Amino acid sequence: MVAGAVAGGLYAIMASGLVLTYQASGVFNLGHGAVAFAAALAFHVLNQPPEAGGLGLPIAVAGVIAICVVAPLIGWLLDVALFRRLASAPEAARLVGGIGVLIALPAASLLVIDIINAVFDARLPTAAGQAGTSPPGLGPVPPRSFSLTTGVAVTSDQLAVVVAAALSATGLWYLIRRTRLGLETRAGVDRPILARLRGIDTDRSSRIVWSLSSGLAGLAGVLIAPMFDLSSLTFHMIVFTSFTAAVAARLRSVPLAFAAGIALGVVQNLVYGYAPTVLADISGFRASVPFMLLFVLMFFVPSKGRQAGSVAEEAPAVDPRSDLGPWRKRLPWVAAGAILVVYGSFVADAYWTGVINRGLVLGLVFVSFVVVTGYGGMINLAQATFVTVGGFTAGWLVNHQWPTTAPIIMNNGRLTFWAATIVAVLVTTAVGLLVALPSLRLGGLTLALATLALAFVGDRLVFQLEGVRNGSRGWSVPRPAYGPVDLADATTLMLVLLVLVVAVVGLAGNLQRSATGRAVLALRSSPAAAATSGIDPIRTRLTVFAVSAALAGFGGALFALVNSPMTNVSAPPLLGIVWLAVAVTFGVRRPGGAVVAGLVYAALPPILGGIGGSWGAPWSSLPHAWREVIASAEFSAFLFGLGALGLARQPDGVLAEVGHSLRALRDRRAGAVSRPESTAIVSEDVGDEDSVAVASTAPAAPSATTETAETPVPAALDLRLIDAGYGEVQVLHGVSMAVAPGQVLAVLGANGAGKSTLCAVAAGLVPATAGEVLMGGHDLTHQPTHQRARHGLLLAPEARGIFPGLTVEDNLAVRLRTPEARRAAKDRFPILDERADQLAGLLSGGEQQQLALAVALADPPPVFVADEPTLGLAPMATRTVVEALGELRELGTAVVLVEEQAAAGLELADRVVLMELGRVTWDGPRSELDVDRLTASYLGS
Amino acid sequence: MNTATIAPPRSRRRSALALVVAASLVVSACSESTKDDGAASSTTGTGGSQSSEPATRTTRGVTDTTIKVGGVVYDTYYGDARVGVEARIKEANDAGGVHGRTIEVVTAENDNNEATKGAEITQRLVEQEEVFALLPVLSGQFGGGDYIVNNNIPTFGWGTTPAFCGNTVAFGFTGCVTNPNLEVGSNALGTVLEKQFGTSDKKIAFIGEDNDAGRGGLALLSASVADRGFDVVLEDNSLPAPPDVMGDPSPFVTKILDAKPDIVYLIATLSGTSLSAALQNAGFDGTIITPSYSPLLLGAPGYDGVFVNTQFSMDPEIPANADMLAAVKAVKADQQLNLAVAAGYWVADMFIKALEATGEDLTVETFLATLNGGDFTYEVPDVVGRSTWPAKHDEPVPCAAMVEVKGKEFIPVVPLTCGETITVE
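From first to last, the protein sequence lines stand for chains A and B.
Under our numbering, the first residue of the first sequence is numbered 1, with each subsequent residue one higher.
Under our numbering, the first residue of the second sequence is numbered 1001, with each subsequent residue one higher.
Please note that a few of the clues may not be correct.
As the list claims (entries may be wrong) - Label-pair restraints from in silico Cβ distances:
1. B:Leu-1298 to A:Ile-115: 27 to 35 Å
2. A:Ile-116 to B:Lys-1203: 29 to 37 Å
3. B:Glu-1317 to A:Val-119: 39 to 47 Å
The set of hints was computed from the structure by calculation and includes no laboratory data.
This one's a predicted model, so the numbers in the text were calculated from it and none came from an experiment.
C-beta: ideal position from N, C-alpha, C; glycine also.
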């Protein structure tokens, strides 16, 4: 048990880091191990004695720098450059961002060392993966050993793991549950927008969380380094294994993840030591246990996707080519295809044609990503497994000697390649269905992890079997000939593959336009609405998954043909993950992108190899050190990883980016050419808008300014000539209003008048495209939301301004920092005292509104903006709200009460602003408001 | 959307599907044939090297004055082999080359242990660089196995991958080390142990990695000692195989101690020293043997006191090894002696001996015919055991040596000792 805690400690540290960042930013970082690797490498470089090329720092110093400086810095950078931007991207892009880190970070770390060595002629050790080069442990050197019982001894390195795990568990728990930072982080995770409205800088807490999580990865990395070798693969595997613990904690609770990590270590220990012989005799059974567990655990994790089912999960991609005709759209592809054919047939030699062939086959495989991820919005990390299944099936069939022979499908008692391919497709489809059936009910990330688990079970268990993989020599697939069409000839093979690629791309395109395609689209944008329209989500997803598996199987058979022999290491799981990253990088929404991705993936390493090595002028004039760096395996890995990281900029991939740039170019050109006809319309629009804006603001603006001029103190909140909107839709047109301290301003208007947008602009959630926001005379127009909140602007948003996932006490503590203030809040609303330890989400509607008001009442802010505070409340509860707002006014707060129901608003108001279609139509004291005016603003004047 | 608009794409899809199916049927109707209608491993067509048809004369990479070679190396394990190759080639070139031809080496590329990458590099070396032969091939997952057979590419390396077994073009300097059919092995380990202990009345526990390759390797070793009369008390394949790592050695230690062996033989790519350290810490006082000869491990906990058995002698006192080391230092002064550097050197040495034996008329065909003719032998006295082909295309060189790790030094304890090849059921 104690010994199992060693491996368990590592899993625990990794798993809690994963859960922490998942909670903070919604990103499940598949590249967590890369951070650990980078930290371990830094530790190694810092600690190695100078004669070995290192810097010779003492262990403690090197360890502290690696764990507390290098790793958190990496996390900070990752957050700022990548994950923060990906937070609102589709699930696939978020996962691929992690994959980008997984690929690029270890490569980048090694490249940095290579470059430093090349430029400064240093001899920093890389030692990546070199057997036996491991840095010393954090304990005494050489490690001391302690005997526990007979036969069981623990070294100080191992003890360090257990101690570090326990310490970091306690530290994390304290940090999250007992500190301000923890509270802010939890609030930010629960409702990010509300957190910003309460003055929490969510960007900052996200950065801190990422630094912290990376620090944990770094700690694990430095602990791992002395026990194993310095190979990034080792680190990835430990992290992948720890996924099981993270999932066991339902990706939610850090302490639970921690406990699960320890338990996983113990279980693994038991399995290695004491598995029943029947199972233990199966190669790889023991190694696949964590992944089998992962697969099973998936079914106990509540899917996030299902909870958020009603909200549009993803906006459909904007097609930048929508202005082009069908032939203009295809023209670039036809041209590219023609160039490829000409190059492959007449220019390239057999080697480069071979590269193209491998690229085309990979393109076919990548099209399966388009189907499952691009269309279906699901992430499959087991595509390499399907490729292997397809390849093995085809390989087995073409090599198996049957007792009889049959015409057409057989050749001397062996199946022909094409017949074998068809069977391979069927088998892969069946496997795909088998995998999909249980796991499709799961949401995006859960499905991705389930397929990852499957990929490793396949890799370790099934594909290890001698009969399946034909021993280590693998399955050779000879290239067939059909009369004069001899596929052994690279050019012929290329032409045949091209035809197949075009057919598959066409099929995939048709699938998208088919009834299934539309059903999938409907499911992605709103599962609930799709279900009510009679779409069976499971069947639809199953179809998509099966088609994708079939394509991967087809690609697998061809993969075996061009990469013969097909072995169990031809397409390992990690390679499949890299493939996904490359496919998504080039754009996974369209099959054409997949083909380009395949070609680039196959061609880039040989091209870089050529530049860096064998090619002559002009490349040979590059400095030798540079060429070595370019040709290194790290460099191409780094480029692919970097491509995946580029998703932060354009989640739809490189091709979409190119498409959008071209569209912008076309639009600009079209604008220049067709100016005569379009200017009239444009100027008319502008003129119209201007005149309206001027007309409507003319009476309002002076009234606001004169008012502020009259009062000795500046207005508590002063909005001046605000324009704002969403994207191209302008909602507010030159809106101005002001409210003085101790005054209640009621903003009334019908649904769609722009009241909530106004609130959002005031709080800084929606930027004003024109105009100014002032508080107490200070210009806050360009301040972010949390800064405005700290200046004293408290917005209670429409749907109850509380954090449902936090306790009542924590809800109060987010804004009320002193116990006295919280005490006062609870005295004002005694029900909150009774429910202090309950989750706020469990309170009734009225109680939740009381909680939101209590936050304001106990420490009255200069400005309180309440957006529809009485919406959906019982009359009694409405009463409480009105009373509370009145109290706030007595305490000197400037209250902006935004209401659709005029009665509720008018009761308290000192001033009234009427809004209609984004403009202020009337602004004046309550006493001067006449009912006709009010009715008109609701019914439309 | 009404049903009328749904119909066309659906029927289009069907027709496209039908088209593809029809096309594939038509394609398969044109009776498919493959060059290779026999067993996957046999070579026909271009591979008929022994048949001395005068028609084929492949002189790729050969001029009157030069021979070009290039290789595939997995850097992490075998990166230093480049230095060994360079050292031996430099010796030959400094001596005026072989039959008037100097040898040009395209620096071996790293396949990163990825099969597909190895295949791509192989094709590039042959078709772009136009190398005469692949030298050296040292990778665990060499992916060019089919290519070298189909295209008749002479290949030289360390026969630890299946590409060196069952064909007539690949030559391992210690033979086909692990024949994938797992039926041919050698009793070299048993012979060495008998020499070391003076008796075969010992109990041996084998522990290896949990994959089929590990299982196969262990079965051959276990047969090797059983053949000499040792008592195999444990044959266990439960160590995590790479890329998995052993988090904690105690279950394995318990398992080994329970079997009460005199000798523990452990094969573990990544966890070897941690397991031996745990064994030593747990009070095991017998002999621990591993095949991991690595100067980098010297000083690591668990390496001191361990015996290392190797397929060829690493004793630097032996004249041939001393010469090798001098040649290596001449190329790279601070190069440590390790398995990779030695393997690279001997692989190149074997290639040069084969060139010498072939004579001036050098084509792929004459070269392979010489090597496979049965008269060509390769042997380095007291260092590398004797090989002849075609026999060694299917079996290992049945020799081994052993050193003991003492502090930061390797102390030779058993010189190169040869047994016999054996058949394993």
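Item to check | Assessment of proposed distance window 27 to 35 Å (beta carbons of Leu-1298 of chain B, Ile-115 of chain A) | outcome: holds (30 Å)
Next on the checklist: 39 to 47 Å was suggested as the range; check whether the CB atoms of Glu-1317 of chain B and Val-119 of chain A agree with it.
Outcome noted: holds (42 Å)
Item to check | Satisfaction of the hinted span 29 to 37 Å by the C-beta atoms belonging to Ile-116 of chain A and Lys-1203 of chain B | outcome: violated (52 Å)
Hint 2 alone, counting from the list given before, is not met by this structure.
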